[in-house]
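First to last, the sequence lines map onto chains A, B and C.
Per the numbering used here, numbering of the first sequence is gapless, rising by one per residue and ending at 1199.
Per the numbering used here, numbering of the second sequence is gapless, rising by one per residue and ending at 263.
Per the numbering used here, numbering of the third sequence is gapless, rising by one per residue and ending at 258.
Careful, some of the hints might be misleading.
As the list claims (entries may be wrong) - Some chain B residues near chain A, calculated using beta-carbon distances under 7 Å:
id : residue
1  : L79
2  : R102
3  : R103
4  : G109
5  : D111
6  : S112
7  : F113
8  : D117
9  : F126
10 : Q129
11 : A130
12 : A131
13 : A132
Stated by the list, open to error - Partial chain B-side listing against chain A, Cβ under 10 Å, derived:
id : residue
14 : L107
15 : Y115
16 : D125
17 : V156
18 : R175
19 : L189
Since the hints were derived computationally from the structure, they do not count as laboratory data.
Only a predicted model underlies this, so the values are computations on that prediction, with no experimental measurement involved.
Glycine included, each C-beta is placed from N, C-alpha and C at the ideal position.
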Amino acid sequence: MSQTRGVLGDAWLMARKDLLLERRAKIGLGQVVPFAILVLLLFAFALDPDRGVLKQATPGLFWVTVLFSAVLTLQRSFGLEAEDGILEALRLSEISPAGIYLGKVTALTIQLLLLEAVLVIGVAVLYDTKFVGIALLVAIAFTATLGIAAAGSVYGALAARLRSRETLLPLLLLPLLAPVLIAATRGCEVSLQREAVSGWPWAALLGIFALVYLALGSLLFRPLLEDA
Amino acid sequence: MGNAVSAIVHLHSAVALIGRFPALAGVDLDVDAGEILLLQGPNGAGKTTLLGVCAGLIGLSSGEAVVLGEDLTLNRRAVRRRVGLLGHDSFLYQDLSVVENLDFWSQAAAATVADGRAALERLGVASRLFNLPVHALSAGQRRRVSFAAMICRRPELWLLDEPHAGLDSSARDLVDGLMEEAAASGATVLFASHELDRAEHVAHRSVTISGGVILPQAPPAAPPDARPAAPTGSPSGGSEL
Amino acid sequence: MTATKMNSAQSVSPAPTGTGSRGTRLLGAVAVCFLAVAVVYGLFISPPDSQLGNTIRIIYMHVPTVMAAYLAFLTTAVSSAMYLWKRTEFWDLLGSSGAEIGVLFFTVTIIDGALWGKVTWGVFWRWEPRLTTSAVLLIMYLGYLAVRAIPADPKTRATRCAIIGLVAVVNIPIVHKAVDWWRGLHQGKTVLGTLNPEMGGTQLFAMYSALTAGILVCVWLLIHRFRAGYLAERASDLGLGQALEERRLESSSTSSGSKVSGDDS
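Pulled out of the complex, with its shape left as it was, chain A reads as follows (with noise of 0.2 Å):
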């Protein structure tokens, strides 16, 4: 770790090289918003619009979509440093290993919140969805997020080396992501739908996985980068 950077610092310069990699390749804009926008759309087709099921379904499938959204965007990212000796050369750098994974977290966390304020208009517009309880949604969607990015960075790091990562990668991070996808999805159907329980602790639980999951990957990131 360079001494006048910190993990910190180190993991601004990853993060801001991944963003700038966005920003000239266009692979989040160009692919995988589209993508989401079609699974939406492949959702409708499946679940006839006109029969109230879409409408009721809809925070469900919004958080599916994400999550479907994010192994392309986990493989695309982390599909880039395997490439070129990318990964040897990062590996003689300075930067610490937790520096590259909470880095690569936070790209890819700004990454997916921006899919999803895409989306957010696509359910607006294609679903018909009214938005209440603003501030539960958005501490869902940050949580959530957060979560998916830390848990997807170890796996998406795991798979990256291997010639079978198209498949392994949702394999190994779906399940993981089941409690994410259920808190989520609880969470916003309590807001958008007006029950009368509290949806907080579901954001509660989300913020919790996404903690536990940044610290054990900020731990295993050494020995994944090295061993694995």
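We have chain A; now place chains B and C onto it with these hints.
Chains B and C in isolation, oriented as in the chain A frame:
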């Protein structure tokens, strides 16, 4: 002639496994400060693995390895900031521009952005290329950029895997000049090459690796106008290998 | 139990012909005894449940397999953490054995849970917390096994699996909580995975016998799987000395033609 204590690189009976395959099968090698050492050998002999071991990237399963005073069997990571590796891969992000890559990698190596720019100039990378994405460069230009990313680290030990490959003749002269400059200023250069004609002019000494071991050698290369001795197979003092 | 890095020309002791030993045979015998008691009491002697009738008897299989599965996964969890700390082969082998045995027991749990559901409610699957959590855990550990199966050198494979083991186990309580909150409101009476506090007498005895039998069988399987893995690693190591020899032979076949330095310029 160095001994194990003052050698920049000291390997003894080094065995390195890739999977279960012994890429290095018992390497003995000593390299002194300021030396330019040529590593020859057929494909698959273990040159790339040897460079990776010296860089602290690949661990030994047995044997000794002391590089720049660091015992690699205890801690491989400590030596990395002091070496520079030029490998077969470019070590560059294809979608970023030349300067964006250098800015990132120079900062990653705890150097400054200015160091990165200076390195690009030193490698003769034309400024019109600076804002082009790396994937748009020719192979030779990309190699110069990779080289620049390496030298801005100011490494004490240069590990170069076929540095002349893909370069035109003026770039090759430039690389030779850089290696000589580095050695003259106290750094040590270990480079693998198949281009013996050129390599032997710049190298102070050469060793041959084959089948994962360094082959026994004759004494150091004689001055160009003398006939070098035929290989006798009798190593001297354990430090020449 | 670290692996021997290089093999000498002769082996130290004759290779074992199986993974059994006196200890495991004794363990196996004891397990069979408990199994016998559990079967007799569970299937015949203990009375049927007041509401569920004879279908309750499946609990004498269901609870032990769930417990055995959790024991196996706990082993994997601890082994994963220990491997990342100590880096010895022992912990890697123990962890992967635990994952396999755990997957086995969880599959049995889900199957017998489904059968019980079919008999009692007419459906093979219910979205109740225990089954749902089991399904998620099962898939997580199937992922572990998928990564384990990828050919790689022992250290790489062990590190990958240890990381997955840790990441997965940390998720277990979170999945439990989420699924419980999610499905908790929809619960009717369910026997799956819980010890009915109203059990008494022979039912309780049958339950505890079955539980003990399940754990003993789990441990027995773990020991054998561990040993099989250990032997497989030793067999691979035997190849190393030979590989070194062959590698060095490459050099003598090419060295006769090589010159030290060019003398032709």
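Structure-based check of each hint:
no., hint, verdict
1, L79, "holds, 6 Å"
2, R102, "holds, 5 Å"
3, R103, "holds, 6 Å"
4, G109, "holds, 6 Å"
5, D111, "holds, 3 Å"
6, S112, "holds, 5 Å"
7, F113, "holds, 4 Å"
8, D117, "holds, 5 Å"
9, F126, "holds, 5 Å"
10, Q129, "holds, 6 Å"
11, A130, "holds, 4 Å"
12, A131, "holds, 6 Å"
13, A132, "holds, 4 Å"
14, L107, "holds, 6 Å"
15, Y115, "holds, 6 Å"
16, D125, "holds, 9 Å"
17, V156, "holds, 9 Å"
18, R175, "holds, 8 Å"
19, L189, "violated, 18 Å"
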